[in-house]
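Undergrad: Guided by the hints, dock chain B onto chain A, whose structure is given.
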Amino acid sequence: MKIILPIILVAVTAGLMVLAVFGVGQASGGVATGSVMPSLSGAAKTDTPEGAATNFLTEVQRRNWGRAYAALSNTSAVDQQSFTQEWTGSNGGLRTFSSLEKFDVRPMHATDADADMRVRLRWTTPVGPVEEVRDFHLNHEADGWKIVWHKMQLPSVPAQVVPVTYLRWDLVSGGSDDEWGSHNVDAPRVRIISMNAVDSAEGSVVMGEVVNEDTVPAFVNVNATLVDAAGNAIDDESSFDKIAHVLLPKQVSPYRVDFPKISLKNVKNVRMDVKVTLVPASADPVIGVMNQKLDPDAKGKTVLRGELLNQSGQTVNIPHVIASFYDNTGKVVWVADGYVDRALLPQSSEPFAVEIPKALAGKVQNFHVLVNQYSLEKS
Amino acid sequence: MRTGWLICVLWVVCLAGLGAAQELRVPASASAGEEATISTTGSGKATFYLLGPGVANKSEVSLGEEIHLRSQDLRSAGDYLAIVCGETCRSSSFYVTAAQPAGLTFLVHPSRVPAGLGEAITGVALPFDQFHNLVPDPVVVNFHLTAGNASLLSRAVRTQNGVAWFRTNSGKSAGKLEVVATLGTVSASRAVQQVAADPCNLRIKGQRTPKGIVVETDPVRDCSGNPVPDGTIVTFSAAGADGRSTVDAPIKQGVARAQIEASGPQVISVASGVVMRNELRVGGQP
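In order, the protein sequence lines correspond to chains A and B. Take 1004 as the starting number for the first sequence in the numbering used here and just add one per residue. Take 1231 as the starting number for the second sequence in the numbering used here and just add one per residue.
Bound conformation, chain A alone (with noise of 0.2 Å):
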């Protein structure tokens, strides 16, 4: 009996390894994951579509561009400079600033000549992770599979004078020997229009919108308190950038503060709190938000899709959309934003997609979309 234990777990154990070495990559209808240990993870067999999508990717994490490049198909029509670029990103757009840190890769159709890939990347960011779902289409080509790319087209800005009536407001500030109340400028008047609180998969959730009522520009930012029964505060927080801090005279964005963990079974009461300030502002550029709609994503969730498309002469290096959802009463049921992780070149237009929450998805009635902006030279 002494002996039998230990006999069994090492033939276990060694049938366990000969399963890894030779299992993984040939099972079809598997996933495999590509996450970050470049120097331990070793070359996946290329003679599985898998295996060469799982490659390819982990070329492309280690910024190997000749290597992934070699992955592609012959019939791509693509050239190294352009297909480097559509990974590293330009103008100073998001991507310019990401890191690809995982992986996976899922097969959705596959037979001895071509096969379908559908993966999804993790990249990380300094606006925190964004996942991408992006479906690869391979050929069996006679050294292997192989990764047919498609040339993106990214937008061509003609040379041209794209006329400006600039618009911004500059603040003076009085000096220090000025008398008591003689300069002084209120803050802007800004109010919250709507407020709704719900429940989420990751917690409470605070949200509605926020209207810049005056004249001048505002800087905004709206925190929340949730109050217990007993009146004590559970916690604090802020809607962070899920709401646009600058707001025009009349803008109206939608904002939401997030509690993750606290449900809000334990909060008797909501504390809002709107600080503003008057900041020197610009009204360019100015972004139109077109073809906005609900469809079904790859993944079956529902997302609002739509085009951004810059009107002015300046490039937007990294749009943001912020989307708030009505029900059939005009309540605000969710606020959902997004990056684009390609620059808004002056004249042309990028498409985005933010997601909507499934239990929500039916409810969504009407929704009014945002378009914060971040640019270099302005940072």
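Do not rely on the hints blindly, as some may be mistaken.
[To be verified] Derived, one-sided and incomplete: chain B residues facing chain A with beta-carbon distance under 10 Å:
1) Ser1341
2) Pro1344
3) Gln1423
4) Ala1426
5) Gly1461
6) Thr1465
7) Ser1467
8) Ala1468
9) Asp1472
10) Gly1473
11) Ser1475
12) Pro1480
13) Ala1492
No wet-lab data here; the hints were simulated from the structure. Think of the CB as a built atom: it goes at the ideal place given N, C-alpha and C, for glycine as much as any other residue.
TA: This is chain B only, laid out in the frame that chain A set:
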């Protein structure tokens, strides 16, 4: 530290109460910044203490002579305590009132106000003398509000406990509102910016172009006819078969303009803040 000082003062006052060798006569009325005298009786040398707001002096005096209080020792209005200690101590208190008003502190709120708003502007004036003492005695402050050449308000208000105030409506027209408070020869002026109220009767017109639809507002004005300031955001929304398009466009040179990329028939609406106005139907591209 303060407790120790208080104990010392009380001790001196107690001693002063016990002694009766000399008399002390303080001024019945004293004004801030003016000299005053305290007469004493008795003879011999004594120590004089003067305690008041912002002052604590000790000096040697001769009993039977007047004690001169310098103007700089009486600059602050309030209660003073005079103590003379010879063989025994005597004390007496007197009150120093504020001098004549020499300045006005004038607070006006808000610094920006929408035109035509009721009870929207408030002003508070507080008279102070040259030593920055609040003058609590009733005085009349005249408030004048002028917008351009037109006088909006002229009101004389008597101060109560050193405060005079007014509240009034904002004017009908946008622009600078000058608010002046006058007290005798002293005056203080402030400016309030009257701005256009919410947009009224937003009207839009649209035109098809090869790129889509260019839509713009008529000059945007409030209900009093004041042009809404440039930079105010006007939201254009176009709904069509391709979905909805929106543009938040700032008013520039009086009108807001946006370009909407859409080929099919569109229903375009316009809003500013929480104000929503008319719709425009634009047909599809031929």
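Undergrad: Would you mind marking each hint as holding or not holding in the structure?
TA: Each hint tested on the structure:
no.	hint	in the structure
1	Ser1341	holds, 5 Å
2	Pro1344	holds, 8 Å
3	Gln1423	holds, 8 Å
4	Ala1426	holds, 7 Å
5	Gly1461	holds, 5 Å
6	Thr1465	holds, 8 Å
7	Ser1467	holds, 9 Å
8	Ala1468	holds, 9 Å
9	Asp1472	holds, 5 Å
10	Gly1473	holds, 4 Å
11	Ser1475	holds, 4 Å
12	Pro1480	holds, 4 Å
13	Ala1492	holds, 7 Å
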